[in-house]
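Participant: Just so you know, the protein sequences line up as chains A and B, in that order.
Under the working numbering, the first residue of the first sequence is numbered 41, with each subsequent residue one higher.
Under the working numbering, the first residue of the second sequence is numbered -10, with each subsequent residue one higher.
Treat the hints with care, since some could be wrong.
To be clear about the criterion: a stretch of chain A counts as covered by chain B if any three or more of its residues have a C-beta under 8 Å from a C-beta of chain B, and this derived list gives those stretches [what the hints assert, rightly or not]:
id : segment
1  : 43 to 52
2  : 66 to 74
With beta-carbon atoms standing in for the labels, derived distance ranges [said to hold, decoys possible]:
id : chain 1 : residue 1 : chain 2 : residue 2 : range
3  : A       : Gly97     : B       : Glu41     : 43 to 49 Å
4  : A       : Gly97     : B       : Ala464    : 32 to 38 Å
5  : B       : Val501    : A       : Gly97     : 24 to 30 Å
6  : A       : Gly97     : B       : His286    : 23 to 29 Å
7  : A       : Thr44     : B       : Trp388    : 16 to 22 Å
8  : B       : Arg287    : A       : Ala116    : 45 to 51 Å
9  : B       : Ser163    : A       : Ala116    : 49 to 55 Å
Within a straight-line C-alpha distance of at most 16 Å, the following computed EDC-like cross-link-like pairs (lysine to aspartate or glutamate) qualify [to be verified]:
id : chain 1 : residue 1 : chain 2 : residue 2
10 : B       : Lys488    : A       : Asp90
11 : B       : Lys384    : A       : Asp62
12 : B       : Lys162    : B       : Asp89
13 : B       : Lys141    : B       : Asp53
14 : B       : Lys128    : B       : Asp498
15 : B       : Lys43     : A       : Asp90
16 : B       : Lys230    : A       : Asp62
Quick caveat, the hints were computed from the structure, so don't treat them as lab data.
Ideal Cβ positions, reconstructed from N, Cα and C, are used throughout, including at glycine.
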Amino acid sequence: MSATLDSLNVGDSAEIVDISSDCTRAGRMATLGFIPGRRVTVTRLAPLGDPISVDIGGQEISLRRAEARLIQVKQA
Amino acid sequence: MATMDSRKSQKSSEQCPLVALVGNPNTGKSTLFNRLTGLRQHIANYPGVTVEKKSGLLRLGNQDLDLLDLPGCYNLTAVSRDERVVMDVLGGRHGLRRPDLLVFVVDASNLKRNLLLASQCAELGIPAIMALNQCDAAKRNGIQIDTALLAKQFGIPVVETVATRGRGVDDLKSAISNALSNPSFLPRIHWPECIAKGCQVLQTGVKDLGGDGVTQAEALRVLFDSDSVFTCGISDKICLKKMVDAAHQDIRGLGLSPGSAEAVLHYRHLESLLKGVVTSTGPIARSHESIDAILLHRVWGTLIFFVVMYVVFQSLYSWAGPLMDLIDTLTGMAQGFISPLLENMPVLQSLICGGIISGVGGVLVFLPQILILFFFISLLEDTGYMARAAFLVDKLFSWCGLNGRSFVPLLSSYACAIPGVMAARTLSDPKARLTTILMAPFMSCSARLPVYILLIGTFIEPRYGAFAAGWALFAMHFIGLALALPLAWLLNTFFLKIKPQPFILEMPDYRVPTLRNIFHRMWERGREFVLRAGTVILAFSIIIWCLLYFPRNPSVAEKIRTDFASNPTTSISKDALEHRIESAYIEQSYLGRFGKAVQPVFEPAGFDWKITVGVLSSFPAREVIIATMGIIYNLGADVDEGSEDLRTILQSEKWTSGPRMGQPVYTLPVVIGIMVFFALCMQCGATVAIIARELDWRWATFSFFSMTTLAWISAVVIYQIGKLF
Ligand SMILES: Nc1nc2c(ncn2[C@@H]2O[C@H](COP(=O)(O)OP(=O)(O)O)[C@@H](O)[C@H]2O)c(=O)[nH]1
Ligand SMILES: [Mg+2]
């Protein structure tokens, strides 16, 4: 099932398929570990629902929904 | 002293090798830098940008080296100015000196991601060594690293360090020294055919278009960062874009998307190199998880956040008070001591006491708040809480172009905008940082409070009661914020053409902070403020002193004295006479004349010339208004906002000429207008100076004029609407 990272619920885990964004932003996210094939788990939401916090390769990273929307994921 | 240091290091930089610390943010570069250089360091800006350049002297036996603490970055993508500086330094662009050796500072707990930057930098062909830092934390996380294998695989020396405790620093020093005489290089990634070809096309293309020659490393930047600020001196963007697009097409042919291709390929390269290097015993013990469950909890986390911020704010607001009073007292004592010595030279006496000493005092008085704020900022950053705090409140600010990290600078601006503006350094996104700095002076700082108290206590409380007074005071503190956020939105949406950066935060592990780090940070910031902004603030205060003192024609005093002497019916004390003379001098001063001349500008706001002079004289520092009012109303400069005399005079002050002759000057709309004017106006030379220092003079000027205009418009609107009733 294909979705974007921001549509996952807390606790959901998925595999990154691609990042659809301009090069620079995609490059930055990829550098931080958002690369196709990696698993990402949504760990929590901020009190106001945005940003979200995810676990990627043992690293906890927070990003806004606007950016999470650019990351296409595949739920197993 | 600092300027001497810099001259020395500039001269010696011709001969001694340049070593740069490179690494991700938060890996311990600065801690290591401090360990290596001690206090022999110098902070300046990179030419043309306000990115901090930290350099220092590293002594190795009889050899001196220049050590550079480069801004932390995750990759070489040059979006922000920080990152561009890294690329410029490493590429030796813009007259910057190219380092002779790179020391990669990597966080042992997160080796692969940290080494991505190193893998990118390998292209530059600069000799390198690696400092495997935070080994203690890695061990605690159950991560074991085979250092010898790591060194073998990457072909460069690797030194294990714990920067916070100084462990491994001596080994690192000898590794640096060895590497300078016996350099080794990082292994370069083997690019797929089409990328290598794309680079070549770009390199020749750039030459044909008349740009500077670019190396392959720089060509890669052009290829992968579509809106890189690295422009390689080409004006024909369309031609360049065509070449880049063609290369992107080829990359897609490999089954990669151009955006992530670089990172994906580097990670593949690193994975093959790191095989067998890292072993993690079982699942990583994640100490921060249970703490996060509370600190990032919807309810408890929010509650704790507000408690923490309340403590920070109270400390700034209350703890700094006694220290600031002490500085005031010392300033007063210095004046009291020097003043009699210069009795015979009134101009010099006034210049030294009124201009210089109070100017120096006016600089030092900011120090307590700066030191206290940076104490807390270091504490919050070093424990790892700052990133969490930003996560919690980001949503409150994201809509108007700020982000979660804007909270602390804006909050502290409620005590004083100076430390607030300086605190905006914690924002790495240049656009959000710019906006935060421009919004900081809108927060109602404590220097505005005396004005509110005087006017509310004189005109609102007696007439409308304590309840209304309380609300008025609250409203005055809120109005700046209420206007600043929409203004930030306007600025970001329509005027700032800088691309916003994604707000992606790495949640660091919780750490026990070290006092050494905290004090170093406080010392660094305090020193910097005094040396850099302090001189400008002092100059301001001397200029304003001149404008208020001169021309000081003795005939003014003569006339008042003879008037009283010839009119025996008015008996007046000696003090009162002196106050009258002082008042007359102010009226005759350049600033007084200017105030009278520009009074028509403030006419639509209902200000008379006395208010106008008061407002004008408080441009260097708004708290001055009370003393100026004291002088203007013949009470002398020693009044404060609680002064009954001043209150009585204000209440009975009437227009002495013009269409409103005989009517009171301070009607409710005028009073509110003055307060709103003070709330919105940039009446603080020190803030202008610090903005110029943190951004540049253009932004400082912009901020000054736009705030002043806004303040004027608001005062006029309030008075004109108030007149209708
Ligand atoms: N446990 C541990 N913490 C460290 C070590 N080195 C630095 N730190 C901490 O890591 C944080 C970031 O350090 P800093 O020098 O500011 O990193 P920079 O951003 O790379 O300049 C600080 O809180 C340091 O106290 C280390 O070797 N071990
Ligand atoms: Mg640093």
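Participant: Cβ-Cβ distance between Ser163(B) and Ala116(A): within 49 to 55 Å?
Facilitator: holds, 51 Å
Participant: Evaluate the given range 24 to 30 Å for the C-beta pair formed by Val501(B) and Gly97(A).
Facilitator: holds, 25 Å
Participant: Are Lys128(B) and Asp498(B) close enough, with their CA atoms no more than 16 Å apart?
Facilitator: Holds: Lys128(B) and Asp498(B) sit about 13 Å apart, inside 16 Å.
Participant: Quickly compare the C-alpha distance for Lys162(B) and Asp89(B) to 16 Å and report which way the hint goes.
Facilitator: Holds - the C-alpha atoms of Asp89(B) and Lys162(B) are around 15 Å apart, at most 16 Å.
Participant: With a cut-off of 8 Å between beta carbons, are at least three residues of the segment 66 to 74 of chain A near chain B?
Facilitator: holds (count 9)
Participant: Between the segment 43 to 52 of chain A and chain B, are there enough contacts, at least three residues with CB-CB distance under 8 Å, for the coverage claim to hold?
Facilitator: violated (count 0)
Participant: Within a Cα-Cα threshold of 16 Å, do Lys230(B) and Asp62(A) meet the stated pairing?
Facilitator: holds, 14 Å
Participant: Is 32 to 38 Å respected by the C-beta to C-beta distance linking Gly97(A) and Ala464(B)?
Facilitator: With a Cβ separation near 50 Å, Gly97(A) and Ala464(B) fall outside 32 to 38 Å, so the hint is violated.
Participant: Evaluate the given range 23 to 29 Å for the C-beta pair formed by Gly97(A) and His286(B).
Facilitator: holds, 25 Å
Participant: Hey, Lys384(B) versus Asp62(A), does the alpha-carbon distance stay inside 16 Å?
Facilitator: violated, 24 Å
Participant: Holds or violated: are the alpha carbons of Lys43(B) and Asp90(A) at most 16 Å from each other?
Facilitator: Distance ~35 Å between Lys43(B) and Asp90(A) Cα, so the pair is violated.
Participant: Under the criterion that the straight-line Cα-Cα distance not exceed 16 Å, is the pair Lys141(B), Asp53(B) satisfied?
Facilitator: Judged against 16 Å, a Cα distance of about 29 Å means the pair is violated.
Hint compliance for this structure: hints 1, 3, 4, 8, 10, 11, 13 and 15 are not met, and every other hint is.
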